[in-house]
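Trainee: Sequence:
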Amino acid sequence: MSTVASVGAPGRALANLAVVEGLEPKRLWSLFARLSAIPRMSKREAAALELVEALARERGLPFTQDGAGNALIKFPGAGAGIGAPPVLIQGHLDMVTEKNDATAHDFATDPIALVLSADGRWLKADGTTLGADNGIGVCAALALLDEPAPIDLPPLELLFTVDEETGLNGAKALDPAALGVSARTLLNLDTEEWGCIYIGCAGGGDARLALPIAREPPAHAAPPPSRWELRVQGLLGGHSGICIDRGHANAVQLAARAAQQALGAARGVGLVAIDGGDKHNAIPREASAVLLVPPDADGAVCAAAAESAEALRAEYGLLEQGGSLELRPLRAGAADWRSGAPPLTPEAAERVLAVLVSLPHGVLKVSHALPGLAETSNNLAAVTTDAPGAPRGEGGEGECVRVLCSSRSSVTPGIDGVRAKLRAIGCLMGKGSVAFSPAYPGWQPDPTSRVLRMTQEALSRQLRADGIAEPPQVLAIHAGLECGLIGEKVAHASAQPQHAKLDMVSFGPTIRGAHSPDEAVEVSTVPKFYELTKAVLAQLAAVRE
Numbered sequence: 001m002s003t004v005a006s007v008g009a010p011g012r013a014l015a016n017l018a019v020v021e022g023l024e025p026k027r028l029w030s031l032f033a034r035l036s037a038i039p040r041m042s043k044r045e046a047a048a049l050e051l052v053e054a055l056a057r058e059r060g061l062p063f064t065q066d067g068a069g070n071a072l073i074k075f076p077g078a079g080a081g082i083g084a085p086p087v088l089i090q091g092h093l094d095m096v097t098e099k100n101d102a103t104a105h106d107f108a109t110d111p112i113a114l115v116l117s118a119d120g121r122w123l124k125a126d127g128t129t130l131g132a133d134n135g136i137g138v139c140a141a142l143a144l145l146d147e148p149a150p151i152d153l154p155p156l157e158l159l160f161t162v163d164e165e166t167g168l169n170g171a172k173a174l175d176p177a178a179l180g181v182s183a184r185t186l187l188n189l190d191t192e193e194w195g196c197i198y199i200g201c202a203g204g205g206d207a208r209l210a211l212p213i214a215r216e217p218p219a220h221a222a223p224p225p226s227r228w229e230l231r232v233q234g235l236l237g238g239h240s241g242i243c244i245d246r247g248h249a250n251a252v253q254l255a256a257r258a259a260q261q262a263l264g265a266a267r268g269v270g271l272v273a274i275d276g277g278d279k280h281n282a283i284p285r286e287a288s289a290v291l292l293v294p295p296d297a298d299g300a301v302c303a304a305a306a307e308s309a310e311a312l313r314a315e316y317g318l319l320e321q322g323g324s325l326e327l328r329p330l331r332a333g334a335a336d337w338r339s340g341a342p343p344l345t346p347e348a349a350e351r352v353l354a355v356l357v358s359l360p361h362g363v364l365k366v367s368h369a370l371p372g373l374a375e376t377s378n379n380l381a382a383v384t385t386d387a388p389g390a391p392r393g394e395g396g397e398g399e400c401v402r403v404l405c406s407s408r409s410s411v412t413p414g415i416d417g418v419r420a421k422l423r424a425i426g427c428l429m430g431k432g433s434v435a436f437s438p439a440y441p442g443w444q445p446d447p448t449s450r451v452l453r454m455t456q457e458a459l460s461r462q463l464r465a466d467g468i469a470e471p472p473q474v475l476a477i478h479a480g481l482e483c484g485l486i487g488e489k490v491a492h493a494s495a496q497p498q499h500a501k502l503d504m505v506s507f508g509p510t511i512r513g514a515h516s517p518d519e520a521v522e523v524s525t526v527p528k529f530y531e532l533t534k535a536v537l538a539q540l541a542a543v544r545e
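Here full-length UniProt numbering is used: the first residue of the sequence shown is 1, the next is one more, and so on.
Please note that a few of the clues may not be correct.
The calculated DSBU-like cross-link candidates involving lysine-lysine, where the alpha carbons are at most 30 Å apart (straight line), are [claimed, not checked]: (1) Lys-431 with Lys-501; (2) Lys-431 with Lys-421; (3) Lys-74 with Lys-528; (4) Lys-172 with Lys-279; (5) Lys-365 with Lys-421; (6) Lys-26 with Lys-534; (7) Lys-74 with Lys-365; (8) Lys-431 with Lys-279; (9) Lys-43 with Lys-99; (10) Lys-99 with Lys-365; (11) Lys-279 with Lys-421; (12) Lys-421 with Lys-528; (13) Lys-172 with Lys-431; (14) Lys-43 with Lys-74; (15) Lys-74 with Lys-26; (16) Lys-365 with Lys-172; (17) Lys-528 with Lys-501; (18) Lys-279 with Lys-43; (19) Lys-501 with Lys-43; (20) Lys-534 with Lys-501; (21) Lys-534 with Lys-172; (22) Lys-26 with Lys-172; (23) Lys-365 with Lys-501; (24) Lys-172 with Lys-421; (25) Lys-99 with Lys-26; (26) Lys-501 with Lys-74; (27) Lys-26 with Lys-431; (28) Lys-365 with Lys-534.
Please keep in mind that the hints were generated in silico from the structure rather than gathered at the bench.
Generate the whole structure from the sequences, applying the supplied hints.
Mentor: Printed below as a string of structure tokens:
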């Protein structure tokens with residue numbers, strides 16, 4: 001048995017090979033069947049890397065890795081392309097690990113079981129994610145190593161990154177010098193809409209604001225004040241990059257606005273806590289504010305909440321049809337600190353709510369290169385209120401309301417601009433602090449790109465052959481791809497960074513339901529995607545510099 005065949009689960013590899021038998025291109029599908037038999041969750045790609053290394057060694061090709069585990073195979077080219085400049089082809093080895101509740105599967109040890117739909121149109125997995133993201137791209141790159149003559153290919157540098165799905169970590173730690181990257185043209189094979197060419201993506205980074213608060217017991221009253229919860233729920237939310245331009249409401253800001261109105265409705269109304277959202281890359285769908293309400297203010301606060309609910313319907317009702325804003329008695333058990341904590345001082349409550357209402361959220365700038373593309377944005381992602389006596393934060397501050405924002409831009413100065421706004425708000429809020437995570441770079445669209453022109457020409461020919469007269473869509477995505485990071489790393493590793501800009505495009509087959517057990521690749525788009533890859537490389541094989 002060869003080295004390659006021994007990597008992974010041989011029985012599952014054979015079963016997977018039987019599933020894809022007869023599909024074209026045969027070599028690509030055969031590699032994908034083998035790769036699918038190898039567990040390759042993020043941060044555990046060692047066995048998949050063994051397969052890649054074995055394929056390189058069996059062909060006598062150089063294989064190198066950097067300290068993060070990213071791998072590079074160098075191929076000398078073929079035919080008339082041997083004298084052309086090298087081309088970097090890139091995909092990531094890891095996959096998202098999601099399964100249905102009823103599926104017994106251990107992603108650390110179990111292979112993926114491939115399933116072809118009854119009509120032969122879609123390939124998916126049996127109750128788990130498929131790993132077509134980005135396994136099809138990886139296998140397309142590897143299949144190029146065995147293309148039969150005659151074929152013209154430029155020298156290829158096949159880059160396989162690790163740990164993409166948990167934060168682009170392999171690309172963040174990429175060491176082009178250690179790998180020996182010399183190419184100045186990149187084909188990224190990690191997008192999921194056949195017929196589209198991507199030429200840009202957003203970079204990003206997080207900001208954490210800590211707003212110090214003080215509390216004071218309410219004035220003695222008989223009967224005692226009651227506790228109410230203002231709750232916003234049922235909003236659309238969505239990915240903070242892909243959905244940020246759709247105008248979805250932000251639950252945190254709606255709750256803050258409603259709390260402002262309630263506190264202004266009557267004397268003595270206090271804010272105990274405000275919380276909402278939980279993920280940096282999601283628009284918050286739910287949020288709540290707990291209020292302490294004197295007995296003579298119940299009516300005024302209820303009226304204010306009703307006005308806020310009507311304002312929500314007027315502002316967002318056509319879009320956010322499932323959204324609601326309700327005021328109800330706090331249903332909290334004795335273990336919930338909000339049921340007994342004193343309210344914030346009026347000054348602290350006013351400052352916290354003012355910050356939440358003032359923070360930028362949504363699209364802040366559209367692209368000049370691709371009209372309609374969200375270029376720069378900020379997502380007010382989450383707010384949490386410290387319980388009284390909570391441990392001090394990372395910055396050593398005491399009790400705080402903590403705010404998380406996620407900023408994105410395809411232009412690095414765009415991130416800097418958003419961060420300047422957040423820093424300014426931090427200055428205005430007094431004793432609070434603002435901390436920023438390291439930002440990763442975006443990929444600024446270049447409509448004049450040479451490799452874009454070549455890809456458009458090749459794809460247009462394919463579409464016309466399929467009876468599609470419309471030109472290919474040229475797009476950018478307001479979310480993270482590895483291209484921005486790879487481009488920056490290659491430039492920084494060069495002795496002449498000003499001349500080391502990567503000329504990049506990204507394309508791929510049609511994949512639906514990525515990152516879920518419904519993930520499936522449209523079988524008919526895979527040979528088209530592979531032919532496009534070869535057609536672009538054939539044009540690059542004719543380049544001489």
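Trainee: Confirm or reject each hint.
Mentor: Each hint, compared with the structure:
1. A threshold of 30 Å between alpha carbons decides the hint, and for Lys-431 with Lys-501 the separation of about 42 Å lies outside it, so the pair is violated.
2. Taking the CA atoms of Lys-431 and Lys-421, the gap is about 17 Å. The hint holds against a cut of 30 Å.
3. Taken as a hint, the Lys-74 and Lys-528 pair is honoured in the structure, with Cα atoms around 25 Å apart against an allowance of 30 Å.
4. Using a Cα cut-off of 30 Å, the hinted pair Lys-172 and Lys-279 holds, with the two alpha carbons roughly 21 Å apart.
5. Distance hint between Lys-365 and Lys-421 is fulfilled; the C-alpha atoms sit about 14 Å from each other, no more than 30 Å.
6. For the proposed pair Lys-26 and Lys-534, the alpha carbon gap of about 15 Å is at most 30 Å, so the pair holds.
7. Proximity of Lys-74 to Lys-365 is assessed by CA-CA distance (about 40 Å); at most 30 Å being required, the pair is judged violated.
8. Between Lys-431 and Lys-279, the direct Cα distance comes to roughly 26 Å. Compliance with the 30 Å bound is thereby established for this hinted pair.
9. In summary, the hint linking Lys-43 to Lys-99 is supported, as the alpha carbons are separated by about 18 Å, within the 30 Å threshold.
10. Taking the CA atoms of Lys-99 and Lys-365, the gap is about 38 Å. The hint is violated against a cut of 30 Å.
11. At roughly 21 Å between alpha-carbon atoms, Lys-279 and Lys-421 fall within 30 Å of each other, so this suggested pair holds.
12. Between Lys-421 and Lys-528, the direct Cα distance comes to roughly 46 Å. Violation of the 30 Å bound is thereby established for this hinted pair.
13. Of the pairs offered as hints, the one joining Lys-172 and Lys-431 is violated, with about 33 Å between alpha carbons and a cut-off of 30 Å exceeded.
14. For the hint pairing Lys-43 with Lys-74, the CA-to-CA distance comes to about 24 Å; that is within 30 Å, so the pair holds.
15. As the CA atoms of Lys-74 and Lys-26 are separated by approximately 23 Å, the hinted pair is consistent with the 30 Å bound.
16. A threshold of 30 Å between alpha carbons decides the hint, and for Lys-365 with Lys-172 the separation of about 26 Å falls inside it, so the pair holds.
17. Proposed proximity of Lys-528 and Lys-501 is supported: the alpha carbons are some 29 Å apart, at most 30 Å.
18. The straight-line distance between the Cα atoms of Lys-279 and Lys-43 is roughly 21 Å, inside the 30 Å bound, and the hint therefore holds.
19. Between Lys-501 and Lys-43 the alpha-carbon distance is near 29 Å, which keeps this suggested pair within the 30 Å criterion.
20. With a C-alpha separation of about 23 Å, the suggested pair Lys-534 and Lys-501 falls inside the 30 Å cut-off, and the hint holds.
21. For a cut-off of 30 Å, the pair hint linking Lys-534 to Lys-172 stands: about 28 Å separates their Cα positions.
22. Restraint check: the Cα-Cα separation between Lys-26 and Lys-172 comes to about 34 Å, which exceeds 30 Å; the hinted pair is violated.
23. Distance restraint check for Lys-365 and Lys-501: the Cα-Cα separation of roughly 24 Å lies within the 30 Å cut-off, and the hinted pair is therefore satisfied.
24. For the suggested pair Lys-172 and Lys-421, the alpha carbons sit about 26 Å apart, so the restraint of at most 30 Å is met.
25. Distance restraint check for Lys-99 and Lys-26: the Cα-Cα separation of roughly 28 Å lies within the 30 Å cut-off, and the hinted pair is therefore satisfied.
26. Distance restraint check for Lys-501 and Lys-74: the Cα-Cα separation of roughly 20 Å lies within the 30 Å cut-off, and the hinted pair is therefore satisfied.
27. Restraint check for Lys-26 and Lys-431: not satisfied, since their Cα atoms lie roughly 64 Å apart, outside the 30 Å limit.
28. Distance hint between Lys-365 and Lys-534 is unfulfilled; the C-alpha atoms sit about 37 Å from each other, more than 30 Å.
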